[in-house]
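S.K.: My request is simple: use the sequences and hints to build the entire structure.
Read in order, the letters of the sequence shown correspond to residues 1 to 161 in this note's numbering.
Since the hints were made in silico from the structure, they are not lab data. There may be inaccurate statements among the hints.
Below 30 Å or equal to it, Euclidean Cα-Cα: the simulated BS3-like pairs (lysine-lysine) are [unchecked claim]: (1) 126 <-> 73; (2) 126 <-> 51; (3) 124 <-> 54; (4) 73 <-> 54; (5) 126 <-> 54; (6) 117 <-> 51; (7) 124 <-> 51.
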Amino acid sequence: MNMTHYMGLLADNQPWNLLIFMAAVVILAETIAITELGILFTGSYNGRLRKVNKISSIIAGIYFSGIFVYLMKNAWLPLTLNGGWHGWIDFVAVTFYLLGIVPLLGMALLDMGIVMKNSPERRKMKLHVSFVGLFLIVAHVAMIFGMLDPTLGGGHDMHNM
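M.R.: What follows is the structure, encoded as structure tokens:
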């Protein structure tokens, strides 16, 4: 079966790659999203939910930064420089996965007090919510394109290489 590098990464070295590159990030992101809803419904920016939200955001941002550096060095740059992409669908899947660094690192920097340190909590939470939404968009684009057969977009058949 033809698959994108995204799906190839998740399928290799089972179950470790799936846990490292997908499950850990998704569990943290879903924890952030669920606690964010609780915070927004209660209006409490200082309770237990916010503490879990903040810790999850910081861990997710730092954790994904490591994944980002590793995959840029060992996958994205070599595939780009050596013409190794299996077409545009493959490129979109991996690139959108890596774009998760923007919202995840953004939330971490926000929750560590590195950005918007002196802003009101409500304003910081608005940005935090925007980062959650952005992460959901890039992660779902990556997953959808990652599950496609790259030959549908004119990519080459990996069986005939």
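S.K.: Tell me, which hint numbers fail for this structure?
M.R.: 1
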